[in-house]
Amino acid sequence: MPNPRFAFALFLSSYSPAFLIIAIRAFQHSCFLFWTSLLLAILSASAFLIFIRVAQSGGPFAGTVEEVEDRDGDLAAYVATYLLPFVMVSDPTAQDVLALAVFLFFIGVLWVNSRMIYLNPLLALFRYRIFLVQVRTQGGGTLPRAFLLSQQTDLNIGDGVKVDRLANGVFIDLTPRDASIRAQ
Amino acid sequence: MPPFEPSEFPRDDLATKLADATVQVVFGYKNSPTNWDFQRLRLHEGLPDQFRETALAAAENLRDERVGRHYDPEWDLKSDEFLYLSNDPPVGGDFFTQLPNFGTFAEFQERRRIRQPNVWLVIAQLSDDTLAYFGAKITRSLVLERTSRLLRVVYRDEAFDALDETVITFRPSFDWIAWQDTLIVLNTQGFHGTFRDIPALVAKVDEHLSAVSEHVGIANLSDFAERIKSYPAMMVKLQRIVERADMHTRDPEVLRKYGQEYAIDVDWNGDQMVFDGSVEKQWNILRLLDEARTLGPVTGKHWDTSSKTEV
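Which chain is which? The protein sequence lines are A and B, in order. Using this note's numbering, the first residue of the first sequence is number 1, and each one after it goes up by one. Using this note's numbering, the first residue of the second sequence is number 1001, and each one after it goes up by one.
Any given hint could turn out to be false.
[Stated by the list, open to error] Here are a few chain B residues that face chain A, going by a calculated C-beta distance under 8 angstroms:
#1 1022
#2 1044
#3 1047
#4 1062
#5 1063
#6 1064
#7 1067
#8 1100
#9 1101
#10 1102
#11 1104
#12 1125
#13 1126
#14 1129
#15 1130
Simulated from the structure, these hints should not be mistaken for laboratory data. Positions of the beta carbon are idealized from the N, C-alpha and C atoms, including for glycine.
Produce the entire structure from the sequences given, and follow the hints as far as they go.
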C-alpha cells in the first residue's frame, strides 16, 4: 500500500475527472475555483500515472483463478458522487468551497483507510476492470479473496494470472491483455 | 518421497524448469530456530529476471560442476560437492511450512532503520506446479547500517555521500537449495548458521552424556558437558554418537584397545575416560566414540569409511 500521503493523492486522482468538470463549470465564473480544480486534476492524475507505472513494472507471481466475481458495478456506484459538481452553483461562495473540501476530506479518509485503491475511474482509461477473486498461487497456497484489477475482457475460473499485490486485499493482474497464458 | 541417492536428484529438471520460472525474493527473520517471520520484497523492472538468472546459475552449477554425497554435518564441503538430505519432515521448524504462502507475506518496507533479516531466498514457481527455494544466510557484514560506526560514507554518483538508509547486499551464491522435499547443501556454514537449533542441541547434551555414561564413564563429566555446550560442532557430534554410532555401547576395554590401535589419544583411569580440560583430548574422546570403520570381510581389518552416514 502506498504511504498515507500518496494514498490520499491517489484518492484525489479518483476525483480528477470531477475536478476537471468543476474547472470547466467554473471557467469565467470563479478564477480561484477554476485554477484550483484544474491544478488538483492535473497533480492528482499525475500521481495516478506514477502509481500505475510502478504497479505495472512489479514482479508478479503466477497463480490460477479459483473463484471470480465481476465487480465493475462498484466503480459505477462510486462515480455517482460525480454528481457533486453539478449540484454546485456556478459562482460558489467560500462556504460552498469549504463544504466541498470537508466532504472530500472525509470521503478521502474513508477511501484510504478502507484501502479502496481499486475504486478509481482513471483505471477504466487504462482498460482495467474490477473482479473479486480467489487465487491459488502456482505451487503454493490459496490466497484470501481479494479485489483484482485486470485488463482482461473476461476472467474465468481456471484462468492463469500473474498478479502482484497493491495493498492488503487488492491485486493487479500483470498478464498481458487476453494473453494465451490464460488458456491453461 | 525424495530420491534416496544424491545422483538421482533431478538436477537437469531443476535447471530446465528454472529458465522460465516466476521468481519472488523473500527475507526470513529468525524469532527462534523453529519460528520464523517473512517479508516479501517488491521487485520492479528487470529485477525478477536478474534473480532468476542468479538462481539458474546456481542450478546449473549444481548440475554441471558438483557431485553429491549424503549429508554429514562435519564434512568439509568442497566447491565441487554438495550434501544431500531429506527435507521431510522439513528442517527449521515452521520455515518451510510457511513459504508456500509467500503471496500473503507482508511487504518489506524501506525504513531508515530496519530489522536485520537472517536469510534471503529466491522462491521459484516452476511450470510443474512446484516451488524451488534458493536460500542464503545474511551475515552482519552484508548489512550496511545507516548508524554504522565503521562505515559512515559511501561512494555514490561520483562523490562520497552519507549512508542515508540501511543497505542490505546480496551475495550472488546460495547456501542451500530446497526442492521436492530434498535439501541440497552448497555451503555448510551458511546452512548450519540458518537452521541449526542450538538451544535444542544444548538441552540434549546432558541426556546424551547420560546415555554414554551408562556404558563408559567419563571423569570430570560436568566440565566435559559444559565444554561441549559451548561448541555447536561438538554437540552435533555427541548427538550423532548417541543416535547413530555404537562405539559408546562397547566395553571400556574394547574402546581402550581400539584407541591404541588407531592412535586416538585418550587418557584412561580404570574404566573411565579422563577429560583433562584440553580441547584436543575432548575431541579425541568424541572421536573415539564416533568411530565408524568398516570391517574388511577378507582381510579382517578395520578400514576408514568415507562417510559415517548409514546407507
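Hey, does the residue 1125/B contact hint survive, CB to chain A under 8 angstroms?
-> holds (4 angstroms)
May I ask you to test the interface hint for residue 1101/B with respect to chain A, counting a Cβ-Cβ separation under 8 angstroms as satisfied?
-> Holds, because the Cβ-Cβ distance from residue 1101/B to chain A comes to roughly 5 angstroms (cut-off 8 angstroms).
How about residue 1126/B: closest beta carbon in chain A under 8 angstroms, or not?
-> Since chain A brings a Cβ to about 7 angstroms from residue 1126/B, closer than 8 angstroms, the hint holds.
Minimum Cβ distance from residue 1044/B to chain A below 8 angstroms?
-> holds (5 angstroms)
With 8 angstroms as the cut and Cβ atoms as the points, is residue 1064/B at the interface with chain A?
-> Result: violated, 25 angstroms to nearest chain A Cβ.
Tell me if residue 1102/B is really an interface residue toward chain A, meaning its C-beta lies closer than 8 angstroms to one of theirs.
-> Constraint on residue 1102/B satisfied, holds at 6 angstroms.
Taking the closest Cβ pair, is residue 1067/B under 8 angstroms from chain A?
-> violated (28 angstroms)
Minimum beta-carbon distance criterion (8 angstroms), residue 1022/B to chain A | Holds: closest Cβ of chain A sits about 4 angstroms from residue 1022/B, inside 8 angstroms.
Any CB of chain A closer than 8 angstroms to the CB of residue 1100/B?
-> Given a least distance of 4 angstroms, the restraint on residue 1100/B holds.
Tell me if residue 1129/B is really an interface residue toward chain A, meaning its C-beta lies closer than 8 angstroms to one of theirs.
-> holds (5 angstroms)
Restraint satisfaction for residue 1063/B [CB to CB of chain A, less than 8 angstroms] | With a minimum Cβ separation of about 21 angstroms from chain A (threshold 8 angstroms), the hint on residue 1063/B is violated.
Minimum beta-carbon distance criterion (8 angstroms), residue 1047/B to chain A | holds (6 angstroms)
When the structure is compared with the earlier hints, violations turn up for hints 4, 5, 6 and 7 and for no others.
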